[in-house]
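Asks: Please construct the entire structure, taking both the sequences and the accompanying hints into account.
In order, the protein sequence lines correspond to chains A and B.
In terms of my numbering, the first sequence is residues 516 to 835.
In terms of my numbering, the second sequence is residues 1100 to 1515.
These are calculated hints, taken from the structure and not from any lab test.
Predicted model only: the values in this text are computed from it and were never measured.
Among these hints, one or two may not hold up.
[Stated by the list, open to error] Only pairs whose alpha carbons sit at most 20 Å apart, straight line, appear in this in silico DMTMM-like list of lysine to aspartate or glutamate:
{"no.": "1", "chain 1": "B", "residue 1": "Lys1254", "chain 2": "A", "residue 2": "Asp606"}
{"no.": "2", "chain 1": "A", "residue 1": "Lys643", "chain 2": "A", "residue 2": "Asp606"}
{"no.": "3", "chain 1": "A", "residue 1": "Lys643", "chain 2": "A", "residue 2": "Asp605"}
{"no.": "4", "chain 1": "A", "residue 1": "Lys799", "chain 2": "A", "residue 2": "Glu759"}
{"no.": "5", "chain 1": "A", "residue 1": "Lys799", "chain 2": "A", "residue 2": "Asp766"}
{"no.": "6", "chain 1": "A", "residue 1": "Lys608", "chain 2": "A", "residue 2": "Asp633"}
{"no.": "7", "chain 1": "A", "residue 1": "Lys608", "chain 2": "A", "residue 2": "Asp636"}
{"no.": "8", "chain 1": "B", "residue 1": "Lys1333", "chain 2": "A", "residue 2": "Asp530"}
{"no.": "9", "chain 1": "A", "residue 1": "Lys643", "chain 2": "A", "residue 2": "Glu688"}
{"no.": "10", "chain 1": "B", "residue 1": "Lys1333", "chain 2": "B", "residue 2": "Glu1253"}
{"no.": "11", "chain 1": "A", "residue 1": "Lys799", "chain 2": "A", "residue 2": "Asp768"}
{"no.": "12", "chain 1": "A", "residue 1": "Lys799", "chain 2": "A", "residue 2": "Glu770"}
{"no.": "13", "chain 1": "B", "residue 1": "Lys1333", "chain 2": "A", "residue 2": "Asp599"}
{"no.": "14", "chain 1": "A", "residue 1": "Lys799", "chain 2": "A", "residue 2": "Asp789"}
{"no.": "15", "chain 1": "A", "residue 1": "Lys643", "chain 2": "A", "residue 2": "Asp633"}
{"no.": "16", "chain 1": "B", "residue 1": "Lys1254", "chain 2": "A", "residue 2": "Asp599"}
{"no.": "17", "chain 1": "B", "residue 1": "Lys1333", "chain 2": "A", "residue 2": "Glu570"}
{"no.": "18", "chain 1": "B", "residue 1": "Lys1254", "chain 2": "A", "residue 2": "Asp605"}
[Said to hold, decoys possible] Interface residues of chain A toward chain B, partial, derived using beta-carbon atoms under 8 Å:
{"no.": "19", "residue": "Glu611"}
{"no.": "20", "residue": "Cys619"}
{"no.": "21", "residue": "Tyr620"}
Where is the CB? At the ideal position from N, CA and C, for every residue including glycine.
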Amino acid sequence: MSAIVRAEGLVKRYDRTVAVAGVDLAVEPGEIFGLVGPNGAGKTTTLRILATLLEPSAGEAEICGYSVIRNPDEVRRVLGFMPDAFGVYDDMKVWEYLDFFGRCYGIPAASRRRMIGDLLDLVDLAGKRDTYVQALSRGMQQRLCLAHALVHDPQVLLLDEPASGLDPRARVELRELLRELRTLGKTIIISSHILPELEELCTSVAIVDHGSVLAQGRVSDIERRLRFGAVLRVHVLADDAGLEAARAHFDADPEVASAAILEDRTIELGFRGDDAASARLLAKAVGAGIQVVTFSRAASDLEELFLQVTSGDREPEAAA
Amino acid sequence: MTERPMDDVPSAPIPTIEELGPDATAMAAAAAGATLDQPALPAAAPLRRPHPIRWLRRLLNGLTAVGVKELRGRMRGRRAFVVLTLYLVLLGTFAWMYELILEQRYSTTSGGTAAYASAAIGQELFAGLMMVVTLLVVLLAPAFTAGAISLEREKQTLDLLVTTPISSVSIVIGKLLSALTYVFILIAASIPMTAVVFVFGGVAPEDVIRGYIVLFATAFGLGAFGLFCSTLVKRTQAATVITTFGVMAMTLGSIFILVFWGAVTQPRFGETSGGLGPIKGRPPEAIAYLNPFLAQADVVCTTQTTYGSYCARLASLLNGNAGVVVFSDVGQPPEPVPMPAVDVSNVGGNVEARQAFASADVVPVQQFGVSRNAFWPRSVAAWLVLSAVLITLSVQLVSPTRRWRFRLRRGRGRTA
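Replies: Spelled out as structure tokens, the structure:
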């Protein structure tokens, strides 16, 4: 296995609570890996262990072959970390901020100057070079913090909730930035509870809840594996009676678990089948003379997936 | 970046997606249970000790990084220099006013020669300036450092700092030195002011040097104390409160304990010795080591050729057998003051004192058995030892993972 980031059986216990209960992760180089889970699932703790900020109670993790427990210094050199809650220093200009971290990584003065220019271009803050850091907007501070994590050209980036508190525009910009970083060959681990974000961005995800990984792999793989039922929305051209007839038609199909008419006169179907089955369903409906206007899978599959996987009926086990 | 071969990493296969099905929950729970029970880690490999020169270079590199960053913020703009100017104006005004007070006093004192009066003024002025600058150091040094680490915690910048390769030693010492730089500047800026005493005489250059050694050591030690409090508690406010109480204990508290000790050990009428339980005899000098005012009093005492007030105060506090006067008579002329009562255990004290008074000469051994010029070096040493201990502890507290290495080495049996 050529995993660049690997965690095995990570456990973090506090006095009474278990924040992380045996997390296994394997992230291939060049991936954008999403760590998805509700608040308190253990995402931040996992990332902080990987970032050498916390010592795991048990388990082992390594980044680029360096153990986060035994070689934290080496790990810090190949790793850029952006915490979920971070502050900025007062009384510091943007370039000084990056200069400071450049010094921390022991980058010589000449290349530091060039690096600051490059990074500010990358995160689109070139015009703010001499602005005081505390005067930047939240989105700009977020980008600056991302730039700080890139100062030493790390191979792996750990981003903890990078999109939180950003307006939609800033989010789009951040997403573009992360894509760009991926083309530069970085491996990115990103945690979020905002699922549509990750769905578009990530090559793989791990769904985390109550401190353990529930599912891990490519988004499409997990989807296929866990697709008990997608939600289909069908819009048909009919009056009330026709609508009810169409609903009854769909309901009669063996692969449709439920069918209901919504307020906006669309029919929502709970569907068990895969894509081929849904195509068959549509063909049958058209064949039956139903005038289908739209026929679509409800948006945000990952979100549904997530809700399915992290549904609350497992809590007694997780607490054990 | 150097690539190193993976060393003794457990190579158990990671469960792949195929193994993690819809029933991943149960598996994860099982895995969690397993790892909770077993000692999951292989025996901790010995930490590789970096080469000393590389380590030193890294340390210096980190120190510069932290220092440059801190000083950029602190020294930006005119504020720092305006404050410095204001401070010198105030200190100068104080010196001038105090000199006038002393002049008034000694010109009306009968029986002294002009040279004697001038020297006495010089000595008292030196004492006054040293005490004021000491007060400044006692107030400022811990206040400057008490927020050094906790502010980073509060503003959530410490994580960013700790995930860089700079060592915790660099962070702690860099923070300490840059926070103290301004205090050091204030101390150094007062040197020319203190040199005014040479106009009056009575104080030798080495006395001034001694005084400044005490000041710098005190500033460093108090700074380390503030920084330690800052790493110990999470909140700056709490750190400041603890620091303030600590400083009060060192200064007022130590004097109060000495006064108490002296009073309790005073023999009552008709008894040969006093005391209360373990409190008897002379108080341990160590109680006063961390009191910079007393260390400074020893330096001042060294300048005074007669049985001056600073010597008397110090001796009475540390011997615990005299009528105790605590700083209530600052500036009292070093006239023949009534000799404090001496008990028989201090044989020779009175004789020496009388000789000293008669000849008005340098007295090598201070009255009552406390040799002058000996207390302040012990105080400085105490500060340096304390600083070293506190810095070591602070480094451990700042470091996120490698805390208490000796405990890690002994085994990782740290159950919650």
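Asks: With reference to the structure, classify each hint as holding or not holding.
Replies: Status of each hint after checking the structure:
Restraint check for Lys1254 of chain B and Asp606 of chain A: satisfied, since their Cα atoms lie roughly 13 Å apart, inside the 20 Å limit. Our distance criterion of 20 Å between C-alpha atoms is met by Lys643 of chain A and Asp606 of chain A, whose separation comes to about 15 Å. Proposed proximity of Lys643 of chain A and Asp605 of chain A is supported: the alpha carbons are some 16 Å apart, at most 20 Å. Between Lys799 of chain A and Glu759 of chain A the CA atoms are separated by roughly 17 Å; this keeps the pair inside 20 Å, and the hint holds.
Taking the CA atoms of Lys799 of chain A and Asp766 of chain A, the gap is about 13 Å. The hint holds against a cut of 20 Å. Between Lys608 of chain A and Asp633 of chain A the CA atoms are separated by roughly 16 Å; this keeps the pair inside 20 Å, and the hint holds. Of the pairs offered as hints, the one joining Lys608 of chain A and Asp636 of chain A holds, with about 16 Å between alpha carbons and a cut-off of 20 Å not exceeded. Taken as a hint, the Lys1333 of chain B and Asp530 of chain A pair is honoured in the structure, with Cα atoms around 18 Å apart against an allowance of 20 Å.
As the CA atoms of Lys643 of chain A and Glu688 of chain A are separated by approximately 17 Å, the hinted pair is consistent with the 20 Å bound. Of the pairs offered as hints, the one joining Lys1333 of chain B and Glu1253 of chain B holds, with about 7 Å between alpha carbons and a cut-off of 20 Å not exceeded. For the hint pairing Lys799 of chain A with Asp768 of chain A, the CA-to-CA distance comes to about 10 Å; that is within 20 Å, so the pair holds. Among the hinted pairs, Lys799 of chain A with Glu770 of chain A is consistent with the structure: their alpha-carbon atoms are about 13 Å apart, no more than 20 Å.
Between the alpha carbons of Lys1333 of chain B and Asp599 of chain A the distance comes to roughly 19 Å, so the proposed pair stays at or under 20 Å and holds. Proximity of Lys799 of chain A to Asp789 of chain A is assessed by CA-CA distance (about 15 Å); at most 20 Å being required, the pair is judged to hold. Taking the CA atoms of Lys643 of chain A and Asp633 of chain A, the gap is about 13 Å. The hint holds against a cut of 20 Å. The hinted pair formed by Lys1254 of chain B and Asp599 of chain A meets the criterion: a straight-line CA distance of about 13 Å does not exceed 20 Å.
Distance restraint check for Lys1333 of chain B and Glu570 of chain A: the Cα-Cα separation of roughly 19 Å lies within the 20 Å cut-off, and the hinted pair is therefore satisfied. At most 20 Å may separate the alpha-carbon atoms for a hinted pair to count; Lys1254 of chain B and Asp605 of chain A meet this at roughly 10 Å. The closest approach between the C-beta of Glu611 of chain A and any C-beta of chain B is roughly 6 Å, which is under the 8 Å cut-off, so the hint is satisfied. The restraint placing Cys619 of chain A at the interface with chain B holds, with a minimum CB-CB distance near 4 Å, inside the 8 Å limit.
The interface hint given for Tyr620 of chain A is met, as the beta carbon of that residue sits about 6 Å from the closest beta carbon of chain B, less than 8 Å.
The structure agrees with every numbered hint stated previously.
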